[in-house]
Amino acid sequence: MLEKEQAGKIFDRIKKLSSADEVEVLFSGGRFALTRFANNTIHQNVAEENYVVSVRSVFGGRTARAFTNKFDEESLRQVVRSAESLAKVQHADSDLLPMPDSAEASGHAGAGWTGESPVPTQAVPPQVRTSRHFVGTASITPELRAEGVKKIVGVAEKRKLTTAGVFSSAESLEGIFNSRGLSRWHTQTSAEISITMLAADSSGWQKANSPDVANLNPLALAEVAAQKALNSARPREIPAGKYTVILEPAAVLDIVGFMFWDYSGMAILDQRSFLTGRIGTKLFGDNITIWDDVAHPLQTGSPFDGEGVQRQRVGLVENGIAKRVVYARATAERMKRSEYKDKVGVIEATGHGFALPNEMGEMPLNIVFAPVGDPQTVEQMVASTERGVLVTRLWYIREVEPFEKMLTGMTRDGTFLVENGRVQGGVRNFRFNESLIHMLSNVEAMSVPVRSCGEESFDMVVPAMKVKEFNFTEVTKF
Amino acid sequence: MKHVANWALNVTAQRGASYADVRSVAQRSRALTTKNGKVGSASDAESVGMSVRAIADGAWGFAASAELGRGAVEATAARAVEIARASARVKREDVHLAPEKPVVAEWSTPYKIDPFTVSVEQNIELLLKIDAELRSVAGITLAETNLNFNREEQWFVSSEGADIHQTKLSTGAGYAAYAFAGNEIQKRSYPNSYGGQWQNKGYELIEELKLVENARRVGEEAVGLHHADQCPEGKFDIILDSSQLGLQIHESVGHPIELDRVLGMEANFAGTSFLTIDKLRNLRYGSELVNVVADARQEHGPGLGTFGFDDEGVAAQCTPIITNGLFTGYLSSRETAHTIGENRSGGTLRAEGWNRLPMIRMTNISLLPGEKPLSLEQLVAQTDHGILMQTNRSWSIDDKRYNFQFGCEMGWEIKGGQRVRMVKNPSYSGITTEFWNSLDAICSREEWTLWGTPNCGKGQPQQVMGTGHGAAPSRFRGIKVGSAFKGS
Chain F
183 MLEKEQAGKI
193 FDRIKKLSSA
203 DEVEVLFSGG
213 RFALTRFANN
223 TIHQNVAEEN
233 YVVSVRSVFG
243 GRTARAFTNK
253 FDEESLRQVV
263 RSAESLAKVQ
273 HADSDLLPMP
283 DSAEASGHAG
293 AGWTGESPVP
303 TQAVPPQVRT
313 SRHFVGTASI
323 TPELRAEGVK
333 KIVGVAEKRK
343 LTTAGVFSSA
353 ESLEGIFNSR
363 GLSRWHTQTS
373 AEISITMLAA
383 DSSGWQKANS
393 PDVANLNPLA
403 LAEVAAQKAL
413 NSARPREIPA
423 GKYTVILEPA
433 AVLDIVGFMF
443 WDYSGMAILD
453 QRSFLTGRIG
463 TKLFGDNITI
473 WDDVAHPLQT
483 GSPFDGEGVQ
493 RQRVGLVENG
503 IAKRVVYARA
513 TAERMKRSEY
523 KDKVGVIEAT
533 GHGFALPNEM
543 GEMPLNIVFA
553 PVGDPQTVEQ
563 MVASTERGVL
573 VTRLWYIREV
583 EPFEKMLTGM
593 TRDGTFLVEN
603 GRVQGGVRNF
613 RFNESLIHML
623 SNVEAMSVPV
633 RSCGEESFDM
643 VVPAMKVKEF
653 NFTEVTKF
Chain L
2 MKHVANWALN
12 VTAQRGASYA
22 DVRSVAQRSR
32 ALTTKNGKVG
42 SASDAESVGM
52 SVRAIADGAW
62 GFAASAELGR
72 GAVEATAARA
82 VEIARASARV
92 KREDVHLAPE
102 KPVVAEWSTP
112 YKIDPFTVSV
122 EQNIELLLKI
132 DAELRSVAGI
142 TLAETNLNFN
152 REEQWFVSSE
162 GADIHQTKLS
172 TGAGYAAYAF
182 AGNEIQKRSY
192 PNSYGGQWQN
202 KGYELIEELK
212 LVENARRVGE
222 EAVGLHHADQ
232 CPEGKFDIIL
242 DSSQLGLQIH
252 ESVGHPIELD
262 RVLGMEANFA
272 GTSFLTIDKL
282 RNLRYGSELV
292 NVVADARQEH
302 GPGLGTFGFD
312 DEGVAAQCTP
322 IITNGLFTGY
332 LSSRETAHTI
342 GENRSGGTLR
352 AEGWNRLPMI
362 RMTNISLLPG
372 EKPLSLEQLV
382 AQTDHGILMQ
392 TNRSWSIDDK
402 RYNFQFGCEM
412 GWEIKGGQRV
422 RMVKNPSYSG
432 ITTEFWNSLD
442 AICSREEWTL
452 WGTPNCGKGQ
462 PQQVMGTGHG
472 AAPSRFRGIK
482 VGSAFKGS
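Protein chains in written order, with the numbering used here: chain F, 183 to 660; chain L, 2 to 489.
Think of the hints as simulated: they come from the structure by calculation, not from any bench. You may find that some hints are simply not true.
[As the list claims (entries may be wrong)] One side only, chain L facing chain F, incomplete, derived with CB under 8 angstroms:
1. S42
2. E122
3. G140
Here a beta-carbon is modelled for each residue, glycine too, at the ideal position from N, C-alpha and C.
The shape of chain F in the complex, shown without the other chains (with noise of 0.2 angstroms):
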């Protein structure tokens, strides 16, 4: 892995071969590893190492960037001549701030987690403020990914059913310096298992991610995997309409990972947010609340954002209401000359910017749930529920209206009927037509968060919700 001292070194060759007003360097990159099979075998395996650096030049409001993953003496003048070029035939841009240096980037004191050096806060568990990096994760072989791949297919034969997935794992990096001397520097590992287990007309799906591959148990995943597709075989039609809908965490996270590119201030000055003009009104139930929070226990990820400022923890919804949107630094300095500057709450740099120069300004990406007082489980979801729809897990989810977030999907994987408290058996999959604020504002209950993921939206801490009058408008063939 490319190391902290080294990106230094080669920032300072930028540096030197730079010209311009302010210059930022930004280092991604690192070791990537995927293990995959289908059809009970292993089908791809690959690897890579792989470093990007990329320039950001000022001249006088003007700026521009140029990437590379070479870092030979030629490579390194070639990509700042670029980002150089670029940034002088802009206009000047007067919302451009100067660069930030290391004290304003730090934020408030106390502010949450550097990952630099942990900073004790309130919310997070000491065990938790350590690094995301864990050896075991980083030095995973193939052989080992392999052996992991060997006890999922032993599920599938056991069963008598067809597997696919996924087991990779990788050791990242960020890092970013800038010419007023601000450096920061974040690596983590992550593991990842994915399970799609297959009988003659259902299916099944599993999938889990970590700092730690520790904390996957391939057999354990292969098993639920393996039993939804059993519970779901022969899948009867019912007609589509509207349900009381169980959906377990990947599922609420894949739709409602959908409205968070809108907790944006720049979303809101351009007008493309569904929250315009409605920051600080009531939009779902009492029983949602909602936070950015890079520290959690369960969450992942840089503690700083593409200009190196430390990430904040943000409340978005409390009970219901919307009570906030992040903010890069620049937008929060528009945001306070702008016609809504009285109108969205808390305006202030949150540490959630994009790298510059960008046209999306900012958005939450460490979405937590907060947890509710009485929480229940699936199985007690379940129970609760006269006639419902179980859904394992949504797919192919878009926009169909922006401003009342109207989302179409479709369940996949796993989705069942739910009758007079009992699950009884599968059912073919249905395409949804569903409001966001609509559902949100008819959860009857939620599970406990969960560190979860999808495909459809990034990971998050979410709950399992029991979501009434649910619109599923089609039925699929299988």
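Given the coordinates of chain F, assemble chain L onto it according to the supplied hints.
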């Protein structure tokens, strides 16, 4: 770069690989965007590296490195073989590659103007001019534009003796105008949504697109949608414009014909396919008018799926996919060809870059135009009651590719052969084969456009690939319209 391949192939041979290939790739890209009168982002990127794909003990291994020194290349080759041997621990049968005569060749995308030679100032001036036109329309609250140029130079060398040097060039451009008013956001895009039009050609594409000339109209349409009626719900005859039909082809023909999906290799992520092998040459996919090809050859046009050779050294081909409505072909690779009784790959294996494993990808999956002269306006005139839908806004399809739902940016209700009113939020849904069997008219060649889809995602780790889709406006009878908004 030949020396890099030789270093790697020597190691894979020494370590007992029965087959290996090496791709050394240099990619360069430029992306420029504007938003509401300002440059949104301006970036240049280069990425250089090499990868080794090897078969050992009858199983695949793949390793990639950005380092091109001899030590790093040899270590990468050794890692690929080591990974292959690990793969063999969970194996049912050996990998079988269809034979392919090794080729020594050079190929490059034909172009008139290298887009990287056009000054950034000129490009920014163009984008800001479009932006100004869009925002000159009262009611436009957000205007976004983009220009993208990509060059990829690849050296492919295999242990069988293939040695192919290929350079591909692509250009893309587009813009969108948003109008926010009341409780509604409406949007119009040009020439297509989600990045505009992309083709494998040079800067001449930008000149052909007439970007500035169409900007004011596009802005006016976005604002006009606020005054339009909601698209009615029910069963209607619909006419899809060529860009929407291009995406319909992509989702409901292009993905289901990928043989790796059919064989279950994508089951965990992208899904499988309803097109099981027993349906080949048996399934009536569409009406007699439906003729679809997978054509990667230059003579098909400058699509994002056009190349000289795929990423395992197989020459570009044209495969009939649907012939007069009958399902006749899949997208295949050397590894999968034998499963459909073919003794040669269809030549569709492509990788996103040097650090990704090549996989079956759509080439140019195109619906051939109607043979009788028929313009869009003539087709409208021949429609008694229907909805014309233009430019995609949302798209979704199940994981076997049966049930789909598409939303479009704008619609027109047609009555008695006339467009009688603009309608907003049009959407339609259906089942793939029922939909294609309802097609009863395709406009002719003059209305046919080879669209580029630059953002097709597939695989784990996910790879983004450009694909091409030729289409002319077409009519479908008795389609379910508006169920997206039913019950909302």
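Here's how the hints hold up against the structure:
Against a cut-off of 8 angstroms between C-beta atoms, the interface hint on L/S42 holds, since the closest Cβ of chain F lies about 5 angstroms away. Here the hint on L/E122 is kept, as its CB sits about 5 angstroms from the closest CB of chain F, short of 8 angstroms. The restraint placing L/G140 at the interface with chain F is violated, with a minimum CB-CB distance near 11 angstroms, outside the 8 angstroms limit.
Figure legend: structure checked against the earlier numbered hints; the only hint not met is number 3.
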